[in-house]
Amino acid sequence: MRVTYVYTWGYFHPATCGADLVAANHLAYFRDRGWAVDCVLARDSRKDGAEQAFRAAYPWLRSLTVADLPPHRWAFGDLLWAYHRFADVPAVRAVLEQTGDLFVTNYLFTAPLLRHVPKTARRVVETVDVLSDQFALAARPAPSAVAELRAGFLLETELDLYRLFDAAIMINADEAARVRGLGVGHARYVPRWCPGRPTGTRDAADFDLLFVASNNEINRDGIDWFYRRVYVPHLWRQGVRLGIAGGVCDGLHYTDHGVRLIGKVPGSLDPLYARSKVVVAPIFAGTGLSIKTVEALAAGKALVAAPAAARGLDPNAGAFLTLDMKADPAGTAAAIRALLADPGRRADLEARAAAFAAREFGWAAFTGGMDAALRAA
Amino acid sequence: METKLLIVNNGLKDLRGHYFETGISTAAAARAAGLRPILAAHATCPDGLVPPEIECLPLCRTDHWVAGGVATGPDLAGVRCRPAEMPRTSIDRVLDTPDGFAEYLAARFPTPTPAPVAVPAPGRPAAALPAKPGRAARLKRFVPPLLWSLARACRPRVLARTLFRTLKPLLPPVLTDLVKAKLRRPAPVPPPAPNPVAVVPSVVPPAAGDPLLTRLRATGLEAEFGYVRAYEEDLEQLLGLTGVGPGDHVFIPTAHGRELVAVREIVEKYGADRCPTFHLEFRHALDGDPNGRLADLPPYTRAHAVFFELYRRAPEHPSVRLYTDTEELTRVYGDFSGLSFATLPIPFRAELIAERCRRPGDPLCLTFIGDVRDEKGYPWLPALVDALRPEAEAGRVRFAFQSTLVDQHNNPASVAALSRLRAAGDPFVDLVGLRGPLHPDEYYALVSGADVLLCPYDPVTYRCRSSGTMTEAAAAGIPTVVPADTWLERQQPAGTGTRFSDLSSFVAAVKDVAGRYGEYRAAARAHRDAWRRVHNPAALIRALVGPAPVEPVTAVRPAA
Numbered sequence: 000m001r002v003t004y005v006y007t008w009g010y011f012h013p014a015t016c017g018a019d020l021v022a023a024n025h026l027a028y029f030r031d032r033g034w035a036v037d038c039v040l041a042r043d044s045r046k047d048g049a050e051q052a053f054r055a056a057y058p059w060l061r062s063l064t065v066a067d068l069p070p071h072r073w074a075f076g077d078l079l080w081a082y083h084r085f086a087d088v089p090a091v092r093a094v095l096e097q098t099g100d101l102f103v104t105n106y107l108f109t110a111p112l113l114r115h116v117p118k119t120a121r122r123v124v125e126t127v128d129v130l131s132d133q134f135a136l137a138a139r140p141a142p143s144a145v146a147e148l149r150a151g152f153l154l155e156t157e158l159d160l161y162r163l164f165d166a167a168i169m170i171n172a173d174e175a176a177r178v179r180g181l182g183v184g185h186a187r188y189v190p191r192w193c194p195g196r197p198t199g200t201r202d203a204a205d206f207d208l209l210f211v212a213s214n215n216e217i218n219r220d221g222i223d224w225f226y227r228r229v230y231v232p233h234l235w236r237q238g239v240r241l242g243i244a245g246g247v248c249d250g251l252h253y254t255d256h257g258v259r260l261i262g263k264v265p266g267s268l269d270p271l272y273a274r275s276k277v278v279v280a281p282i283f284a285g286t287g288l289s290i291k292t293v294e295a296l297a298a299g300k301a302l303v304a305a306p307a308a309a310r311g312l313d314p315n316a317g318a319f320l321t322l323d324m325k326a327d328p329a330g331t332a333a334a335i336r337a338l339l340a341d342p343g344r345r346a347d348l349e350a351r352a353a354a355f356a357a358r359e360f361g362w363a364a365f366t367g368g369m370d371a372a373l374r375a376a
Numbered sequence: 000m001e002t003k004l005l006i007v008n009n010g011l012k013d014l015r016g017h018y019f020e021t022g023i024s025t026a027a028a029a030r031a032a033g034l035r036p037i038l039a040a041h042a043t044c045p046d047g048l049v050p051p052e053i054e055c056l057p058l059c060r061t062d063h064w065v066a067g068g069v070a071t072g073p074d075l076a077g078v079r080c081r082p083a084e085m086p087r088t089s090i091d092r093v094l095d096t097p098d099g100f101a102e103y104l105a106a107r108f109p110t111p112t113p114a115p116v117a118v119p120a121p122g123r124p125a126a127a128l129p130a131k132p133g134r135a136a137r138l139k140r141f142v143p144p145l146l147w148s149l150a151r152a153c154r155p156r157v158l159a160r161t162l163f164r165t166l167k168p169l170l171p172p173v174l175t176d177l178v179k180a181k182l183r184r185p186a187p188v189p190p191p192a193p194n195p196v197a198v199v200p201s202v203v204p205p206a207a208g209d210p211l212l213t214r215l216r217a218t219g220l221e222a223e224f225g226y227v228r229a230y231e232e233d234l235e236q237l238l239g240l241t242g243v244g245p246g247d248h249v250f251i252p253t254a255h256g257r258e259l260v261a262v263r264e265i266v267e268k269y270g271a272d273r274c275p276t277f278h279l280e281f282r283h284a285l286d287g288d289p290n291g292r293l294a295d296l297p298p299y300t301r302a303h304a305v306f307f308e309l310y311r312r313a314p315e316h317p318s319v320r321l322y323t324d325t326e327e328l329t330r331v332y333g334d335f336s337g338l339s340f341a342t343l344p345i346p347f348r349a350e351l352i353a354e355r356c357r358r359p360g361d362p363l364c365l366t367f368i369g370d371v372r373d374e375k376g377y378p379w380l381p382a383l384v385d386a387l388r389p390e391a392e393a394g395r396v397r398f399a400f401q402s403t404l405v406d407q408h409n410n411p412a413s414v415a416a417l418s419r420l421r422a423a424g425d426p427f428v429d430l431v432g433l434r435g436p437l438h439p440d441e442y443y444a445l446v447s448g449a450d451v452l453l454c455p456y457d458p459v460t461y462r463c464r465s466s467g468t469m470t471e472a473a474a475a476g477i478p479t480v481v482p483a484d485t486w487l488e489r490q491q492p493a494g495t496g497t498r499f500s501d502l503s504s505f506v507a508a509v510k511d512v513a514g515r516y517g518e519y520r521a522a523a524r525a526h527r528d529a530w531r532r533v534h535n536p537a538a539l540i541r542a543l544v545g546p547a548p549v550e551p552v553t554a555v556r557p558a559a
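Read top to bottom, the protein sequences are chains A and B.
Each residue of the first sequence is one higher than the last, beginning at 0 in numbering that gives the first Met the number 0.
Each residue of the second sequence is one higher than the last, beginning at 0 in numbering that gives the first Met the number 0.
If we strip away everything but chain A, and leave its shape as in the complex, we get:
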């Protein structure tokens, strides 16, 4: 089997965000099947330094093509136009035209690349997010009727574009069902693979609370709200220690002695999880799946999440705590304090989290989903 694989954010190893991890899942799947992969990356200048590590991680790729994406803004139309031009970059076009059996791409806004993909190839898109929701989130507030119209228009375009593919893979079961309900019959939920293992918690943990996230607005807004409305008024005086890790630290500037900005963590996050008692996910918007939530569960951590951070996960599984944080900041803090004060309850949650992650986001669940999606394509 010959696969052309397209990824939109440059070298995805070492992973710096959830989308990188999803791409790593795909390559692991292709490698496991022994398929030949021609990989096309849109250059991300921030990751240029990762080239060697990437090549070292994926020496088995049949070819690797990295090209610049034309400048663009973060808007659906701009991205579609950018990939329309990207498709005509000679090196990219050559790879696309030689696509063999399977074309797999990440994010729907790469759809214009299909212009040069032979019609004999099966075409699969990993959507990652419901894009129209994502772009509506990024837009400025507008009167309700206007917001409704623009969201409807973007969704209509998104549904149009799904039809160009033979399969649309989604990492959130609810969103897959919603898109299927809107007429995209080939939309299918495929759980991502989260190859973590329970880390346990050291007796002398460094952090009572841990938040891990990449540097984007939703994450920054979320942790900043949590810091100002939950941590400062209700947890700081109690001496709760909050650790924040990942690219999100680039946009934060706290000097609070109870808060430690850890920054990006090279390599595995397991040691960091092991040094933390409870993981929090104060995320209040987003689509797709919150990878940070799944990672925490796979690491077997006691997790306290806002409903948006647990999107796509079974809220009745008992594997984590879901709290409407914004509705009740004081209650959220009280629940966190209670959890910190009760090692037995934490241990119970940790065991449930690990079991849930192994069942829902294990290798078997992922490959089974991929097999089914590609069979149907």
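It should be emphasised that the hints constitute simulated quantities derived from the structure, not laboratory data.
C-beta: ideal position from N, C-alpha, C; glycine also.
Take the hints with a grain of salt, since some may be wrong.
To be verified - What follows is a set of in silico ranges between Cβ atoms, one per label pair, in the way DEER data are often shown: (1) Arg358(B) with Asp327(A): 55 to 61 Å; (2) Glu52(B) with Gly48(A): 53 to 59 Å; (3) Arg84(A) with Leu351(B): 56 to 62 Å; (4) Val231(A) with Arg434(B): 40 to 46 Å; (5) Thr110(B) with Trp362(A): 42 to 48 Å; (6) Gly238(A) with Arg434(B): 52 to 58 Å.
What the hints assert, rightly or not - Short, incomplete list of chain B residues facing chain A, as computed with Cβ under 10 Å: (7) Ile37; (8) Gly47; (9) Pro51; (10) Cys55; (11) Leu58; (12) Pro73; (13) Phe100; (14) Leu104; (15) Arg107; (16) Leu240.
To be verified - Which residues of chain A face chain B? A few of them, derived with a C-beta cut under 7 Å, are: (17) Leu63; (18) Asp159; (19) Arg162.
Based on the hints, put chain B in the right spot on chain A.
Same frame as chain A, but now just chain B:
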């Protein structure tokens, strides 16, 4: 599928009378008639102003008087929506032709201009800094400002000032005073009063060689170009977003010539078979001597001479229908433009006017309704109060004056009159709406409480123009006092009021109505139902979506 009526009311920004009332009443009547009304308002129209049951899209960036220039529209997330029925590649065929995908995208999103710095994307790390510019780029960046500064320094005045400062210690004081006086800048000339049509610069860059721009430039209306294009873009966006197309209707209740030109461009661009029917209603008087030189006409009339001429570049289009709201205006506009106009009923919500229950012995309420504007005769009101002071002090009459000041700059006499009324503080004078436009409930309470409606309007301005307040008074059976030789007088049913020609006859007319109120009131009530049958929102909707109005009889050129 239900027929849509898109009401484009780009003056709708607040609760101010005409724009708000026509928009709401027309939308309600459209819904009652089984249509789907969509109200397009100005971009600054606040969320919640329009009742929630009416779909309201504040997307218009220009308003009728182009006040404040072209506004910033709401964020449409980069969407450039075009009319639904325009030729566009179906998604099923985008991969069949080399340009299919580009056509598909172009119908939905503008071709992007490169962003100088990428905006951080949700779900993505922050954007990297732009690369350091090369030498050529650096030169390009620094040389023009440097040249500009040098050129500025070489200007005679700047040069002289520099020289003077250098030599000053060597010169005697008398000489330095003389030089200072020479160099002193002349006092700034106060800016001229704003011209409502053409002074605000366009924000849409004109395209060279555009025939519209060429014609507008030749007549000194170049600034209008941006407004025409902005309106055209907004209208296209509205048509696209709402899916208003063939079989649907677009109603522009207070139209301007620039909007007519924009509509024509859209119809020509997409073809009549892909467009809805457009209805444009012109409500403002074309003042000035129609036989005079174009340059001597008032700005509004001059602009319309040009816009109508631009519209006449092609024969009249069946899917573009033109109206006014008075027979008089219909004749004037028809003669002036050469185009076919029909007359529409005036919409308002008569059901909101409560029956007046005046107890015997209560003072008569003499009411003025409308904005505080010179053309509406507000400056006469203090004199009227003075003249009727004895009756007022005796408890026979009282006054209720809507006193909403919306444009101080252009209504100095009204501002003075309002100050006088406020200073007098007479207990029998109620100044309503001082804090801003009235909420509909307050407005209709004012109308419902009126015994006599005073319309001291300027007879020239209102020679052909309609009056919404006069319409409401007639529908409520309220006697009126109106200017002679105007539309108001011609509409005033016999015996339902009086007329005047100047201030003294206005005062006399009011006294007459007050003195014989019972007779006038009875006559006004007798004519009330007949009036309501003609002027109501349902009749307006029937006129719009019914068959095309009969073409007026035009002169037939005799055979050669």
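> Taking each numbered hint in turn, which are not upheld by the structure, reported in ascending numerical order?
Replying inline: When the structure is compared with the hints, only number 17 turns out to be violated.
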